[in-house]
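Full structure from sequences and hints, please.
Number of protein chains: 4
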Amino acid sequence: MIRVLVWNEYIHEKDPNNASSTVYPHGIHNAIAGFLGKEEDIEVTTATLDDENCGITDEVLKNTDVIIWWGHCGHDRVPDVVAQKVHEAVLNGMGAVFLHSAHKSKPFMRLMGTSCSLIWRESGDTERVWVSKPSHPIAAGIDTCFELEADETYGEPFGIPNPDDIVFMGWYSGGEVFRSGVTFTRDNGRIFYFQPGHETFPTFYDPNVQRVILNAVRWAKPDVRTENVMDCPNPPSRNK
Amino acid sequence: MIRVLVWNEYIHEKDPNNASSTVYPHGIHNAIAGFLGKEEDIEVTTATLDDENCGITDEVLKNTDVIIWWGHCGHDRVPDVVAQKVHEAVLNGMGAVFLHSAHKSKPFMRLMGTSCSLIWRESGDTERVWVSKPSHPIAAGIDTCFELEADETYGEPFGIPNPDDIVFMGWYSGGEVFRSGVTFTRDNGRIFYFQPGHETFPTFYDPNVQRVILNAVRWAKPDVRTENVMDCPNPPSRNK
Amino acid sequence: MIRVLVWNEYIHEKDPNNASSTVYPHGIHNAIAGFLGKEEDIEVTTATLDDENCGITDEVLKNTDVIIWWGHCGHDRVPDVVAQKVHEAVLNGMGAVFLHSAHKSKPFMRLMGTSCSLIWRESGDTERVWVSKPSHPIAAGIDTCFELEADETYGEPFGIPNPDDIVFMGWYSGGEVFRSGVTFTRDNGRIFYFQPGHETFPTFYDPNVQRVILNAVRWAKPDVRTENVMDCPNPPSRNK
Amino acid sequence: MIRVLVWNEYIHEKDPNNASSTVYPHGIHNAIAGFLGKEEDIEVTTATLDDENCGITDEVLKNTDVIIWWGHCGHDRVPDVVAQKVHEAVLNGMGAVFLHSAHKSKPFMRLMGTSCSLIWRESGDTERVWVSKPSHPIAAGIDTCFELEADETYGEPFGIPNPDDIVFMGWYSGGEVFRSGVTFTRDNGRIFYFQPGHETFPTFYDPNVQRVILNAVRWAKPDVRTENVMDCPNPPSRNK
Numbered sequence: 010m011i012r013v014l015v016w017n018e019y020i021h022e023k024d025p026n027n028a029s030s031t032v033y034p035h036g037i038h039n040a041i042a043g044f045l046g047k048e049e050d051i052e053v054t055t056a057t058l059d060d061e062n063c064g065i066t067d068e069v070l071k072n073t074d075v076i077i078w079w080g081h082c083g084h085d086r087v088p089d090v091v092a093q094k095v096h097e098a099v100l101n102g103m104g105a106v107f108l109h110s111a112h113k114s115k116p117f118m119r120l121m122g123t124s125c126s127l128i129w130r131e132s133g134d135t136e137r138v139w140v141s142k143p144s145h146p147i148a149a150g151i152d153t154c155f156e157l158e159a160d161e162t163y164g165e166p167f168g169i170p171n172p173d174d175i176v177f178m179g180w181y182s183g184g185e186v187f188r189s190g191v192t193f194t195r196d197n198g199r200i201f202y203f204q205p206g207h208e209t210f211p212t213f214y215d216p217n218v219q220r221v222i223l224n225a226v227r228w229a230k231p232d233v234r235t236e237n238v239m240d241c242p243n244p245p246s247r248n249k
Numbered sequence: 010m011i012r013v014l015v016w017n018e019y020i021h022e023k024d025p026n027n028a029s030s031t032v033y034p035h036g037i038h039n040a041i042a043g044f045l046g047k048e049e050d051i052e053v054t055t056a057t058l059d060d061e062n063c064g065i066t067d068e069v070l071k072n073t074d075v076i077i078w079w080g081h082c083g084h085d086r087v088p089d090v091v092a093q094k095v096h097e098a099v100l101n102g103m104g105a106v107f108l109h110s111a112h113k114s115k116p117f118m119r120l121m122g123t124s125c126s127l128i129w130r131e132s133g134d135t136e137r138v139w140v141s142k143p144s145h146p147i148a149a150g151i152d153t154c155f156e157l158e159a160d161e162t163y164g165e166p167f168g169i170p171n172p173d174d175i176v177f178m179g180w181y182s183g184g185e186v187f188r189s190g191v192t193f194t195r196d197n198g199r200i201f202y203f204q205p206g207h208e209t210f211p212t213f214y215d216p217n218v219q220r221v222i223l224n225a226v227r228w229a230k231p232d233v234r235t236e237n238v239m240d241c242p243n244p245p246s247r248n249k
Numbered sequence: 010m011i012r013v014l015v016w017n018e019y020i021h022e023k024d025p026n027n028a029s030s031t032v033y034p035h036g037i038h039n040a041i042a043g044f045l046g047k048e049e050d051i052e053v054t055t056a057t058l059d060d061e062n063c064g065i066t067d068e069v070l071k072n073t074d075v076i077i078w079w080g081h082c083g084h085d086r087v088p089d090v091v092a093q094k095v096h097e098a099v100l101n102g103m104g105a106v107f108l109h110s111a112h113k114s115k116p117f118m119r120l121m122g123t124s125c126s127l128i129w130r131e132s133g134d135t136e137r138v139w140v141s142k143p144s145h146p147i148a149a150g151i152d153t154c155f156e157l158e159a160d161e162t163y164g165e166p167f168g169i170p171n172p173d174d175i176v177f178m179g180w181y182s183g184g185e186v187f188r189s190g191v192t193f194t195r196d197n198g199r200i201f202y203f204q205p206g207h208e209t210f211p212t213f214y215d216p217n218v219q220r221v222i223l224n225a226v227r228w229a230k231p232d233v234r235t236e237n238v239m240d241c242p243n244p245p246s247r248n249k
Numbered sequence: 010m011i012r013v014l015v016w017n018e019y020i021h022e023k024d025p026n027n028a029s030s031t032v033y034p035h036g037i038h039n040a041i042a043g044f045l046g047k048e049e050d051i052e053v054t055t056a057t058l059d060d061e062n063c064g065i066t067d068e069v070l071k072n073t074d075v076i077i078w079w080g081h082c083g084h085d086r087v088p089d090v091v092a093q094k095v096h097e098a099v100l101n102g103m104g105a106v107f108l109h110s111a112h113k114s115k116p117f118m119r120l121m122g123t124s125c126s127l128i129w130r131e132s133g134d135t136e137r138v139w140v141s142k143p144s145h146p147i148a149a150g151i152d153t154c155f156e157l158e159a160d161e162t163y164g165e166p167f168g169i170p171n172p173d174d175i176v177f178m179g180w181y182s183g184g185e186v187f188r189s190g191v192t193f194t195r196d197n198g199r200i201f202y203f204q205p206g207h208e209t210f211p212t213f214y215d216p217n218v219q220r221v222i223l224n225a226v227r228w229a230k231p232d233v234r235t236e237n238v239m240d241c242p243n244p245p246s247r248n249k
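Residue numbers (the numbering used here), protein chains in the order written: chain H, 10 to 249; chain P, 10 to 249; chain W, 10 to 249; chain F, 10 to 249.
Put simply, identical chains are the same to the list, so a pair is met inside one copy or across any two.
Taking lysine to aspartate or glutamate and the DMTMM-like style, the derived pairs with C-alpha atoms no more than 25 angstroms apart in a straight line are:
no., residue 1, residue 2
1, Lys-113, Asp-240
2, Lys-94, Asp-74
3, Lys-94, Asp-60
4, Lys-23, Glu-131
5, Lys-94, Asp-67
6, Lys-71, Asp-60
7, Lys-94, Glu-52
8, Lys-71, Glu-52
9, Lys-71, Asp-152
10, Lys-47, Asp-215
11, Lys-94, Glu-236
12, Lys-113, Asp-174
13, Lys-47, Asp-152
14, Lys-113, Asp-173
15, Lys-230, Asp-67
16, Lys-230, Asp-173
Simulated from the structure, these hints should not be mistaken for lab results.
Here it is in structure tokens:
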């Protein structure tokens with residue numbers, strides 16, 4: 010059983026003047042938890058900024074195999090201590106899937122160590138997501154490419170360290186390209202960033218997007234989970 | 010002209026009970042500045058924990074092409090705001106060379122995003138530093154391998170992201186191995202970590218070590234230096 | 010069920026004057042097939058230079074999930090057409106595990122595209138194999154490090170492309186270091202190279218070595234297996 | 010002085026029925042040699058399939074710092090022995106720049122070890138080439154992106170090993186994306202692949218394309234040039 014925690018800042022969707030309130034009336038987190046929860050090997054919980062400590066404690070993280078993170082205008086409202094807990098849990102082995110505007114979230118930026126900057130435009134461009142690494146488990150079941158009729162445009166340069174693998178690359182009708190699905194390993198933790206998913210578009214109802222997120226969860230599940238990755242052991246010499 | 014800032018916490022060497030006070034009577038920073046300053050293409054300054062704001066201001070960083078960092082027991086005495094300034098300067102293009110125990114310094118850890126952990130032992134092991142990438146500019150002028158009669162032992166696993174290149178690998182008489190010289194690119198900045206250099210050994214007087222540090226400074230010099238790498242531009246569509 | 014083909018040139022072991030004839034009386038391939046064949050999820054066959062076409066046909070490769078390759082003095086006796094078949098099968102998804110002196114085998118060299126050179130010495134050095142990436146599936150069940158009392162020494166620089174991951178690093182009592190366990194992905198195929206295994210030492214009876222090879226087989230098993238990876242499709246435009 | 014050899018199969022341009030005969034009346038090689046030859050630090054020669062041994066001998070390669078390669082329908086007419094000479098020269102340090110359809114040339118395929126496959130379409134799409142790594146020396150002087158009104162379309166997946174750096178990414182009006190400018194290191198040699206340059210379009214007269222090729226030549230110039238990279242030395246132990 011893979012224990013997944015879907016974290017969402019949950020701000021836009023509560024604002025009746027924001028289109029996302031209609032698209033995701035119960036929040037993006039519940040849309041994601043909805044399709045993941047149908048899988049027999051997955052157990053889902055959710056947490057948001059509204060929860061005490063963002064719903065993230067040492068106990069919660071210890072019982073989470075993979076965290077999914079969506080954030081946008083509320084990045085700064087996540088306390089540093091919470092970001093640090095998530096960061097260290099990933100280094101100890103917890104898998105992490107960062108979606109869309111989570112590229113500037115505190116946990117992702119701490120894990121990358123870079124600007125995580127990009128160019129962007131809200132012009133309802135069509136996005137075509139191409140599979141650039143067909144043999145990667147995260148691309149399983151995805152055809153050569155798939156289309157999202159409209160989503161926010163992200164463009165290169167994307168200020169990330171060179172990823173382990175580029176699973177997806179995005180094409181936008183407005184003229185940009187983007188490394189849309191990229192993987193990283195940091196200490197014991199596996200990390201996947203996936204570009205689609207602006208709050209005002211029904212991206213998380215798209216079957217291909219759902220399949221990618223499901224694949225990513227299964228891929229990011231830890232093989233090794235430690236508690237002390239930050240320590241530096243001081244062993245004696247092994248030679249006589 | 011490459012403008013180099015050698016930063017050293019400068020704690021051990023001021024303690025008359027610490028062997029380093031004899032080995033580096035004017036501090037590790039001045040030992041390094043000493044040999045770098047002889048080069049015609051290099052202009053060196055130094056700074057330490059004793060300076061106001063660690064001697065690091067926006068103005069200082071703006072006028073630094075490459076920073077060299079040595080720290081050990083004083084990592085926590087570097088304020089977060091100083092670590093952040095150094096971090097962002099590197100992302101904007103400033104080169105950075107981290108030496109020995111700087112693997113757990115705040116700027117290096119922020120750049121890596123990992124534990125930066127390793128195993129260690131102060132047993133005066135002999136280290137043999139092997140060149141594993143002979144064509145890398147940082148290995149220029151270095152033979153197949155060179156020896157340091159005694160230094161602190163560092164051993165794998167080293168909790169860093171997979172580096173761009175492994176220029177040197179270390180062998181220790183006590184039985185450990187280590188990725189002793191590794192390069193990274195983070196946004197516009199080039200980073201080199203080099204393992205040798207415990208404060209109680211005359212490592213920084215070794216001609217091979219000096220040559221490596223000199224090579225690294227020339228390699229890390231920025232091609233591009235920006236001021237706004239953290240920004241996300243919002244351009245219009247380029248298509249009609 | 011993972012279908013494994015253990016390929017061995019099988020030359021040294023048939024020479025009664027060679028120590029390997031005593032260590033591996035039935036050949037290295039049968040020693041490896043012996044321990045792999047005990048696993049419930051693995052089905053093993055073997056092939057050698059003595060078989061027609063080296064025992065490698067399109068049909069055989071089609072029914073092989075992972076190939077294991079040991080070769081040394083007989084590299085040149087493998088026909089180019091056989092090497093090419095193995096090469097393309099890997100690109101189409103077949104996993105491949107190359108052992109010890111297979112670093113200069115034709116299939117490995119074709120997959121790497123580099124010199125695959127290294128320094129070596131037959132002096133019976135003790136080797137200590139360190140885990141440098143503890144969370145990698147190939148390191149599962151392996152402690153911090155393990156020792157081989159005597160094996161051939163290999164040393165850096167190792168002329169390979171930068172690997173995806175360095176799972177193991179080797180320390181030798183004679184003074185060398187080596188990237189002893191490295192992974193690569195080439196098109197759809199996963200590749201693992203593992204350094205230990207000189208023919209005159211009982212390396213393949215070592216429980217740690219056996220565990221590593223078993224882990225590697227399970228890791229290298231294809232997710233995707235194609236037949237046409239060499240083709241370049243010519244699709245129409247997806248835009249109106 | 011950087012000694013550059015521009016190699017071109019030179020087939021299409023000699024066919025009066027092929028549009029390229031008008032676009033490149035003296036061949037693509039002379040168009041490239043033309044703009045490179047104006048640089049004070051570069052000395053250019055050319056060679057084609059029409060020359061004896063393709064104009065490539067040990068002597069020629071020894072005196073070449075960087076080779077530029079354009080080929081398409083004549084890949085198979087390059088003898089294996091010539092491809093091998095080029096391959097080994099690169100491993101010994103010679104820089105190499107492969108242009109457009111050279112992705113399926115023998116020297117490039119030998120260096121990569123992969124399928125080098127891609128999807129393609131000759132539909133005169135507009136290509137927009139984005140800089141994805143602005144600090145890379147090959148991107149020097151290139152703006153955020155540049156456009157080629159029409160060129161052949163190449164699309165992902167591109168069957169190459171993960172490159173060291175992705176300097177450029179291509180967007181096509183027909184809907185594809187491509188890693189258009191990628192770097193590799195193989196032993197001592199630096200390699201750059203650049204996607205634009207179909208024979209029927211005036212791509213090699215474009216100032217941005219010319220600047221990229223010039224930058225690539227300067228970047229690929231060897232730091233180290235050996236003659237024996239294929240050898241495996243057998244040194245004595247360095248320990249007593």
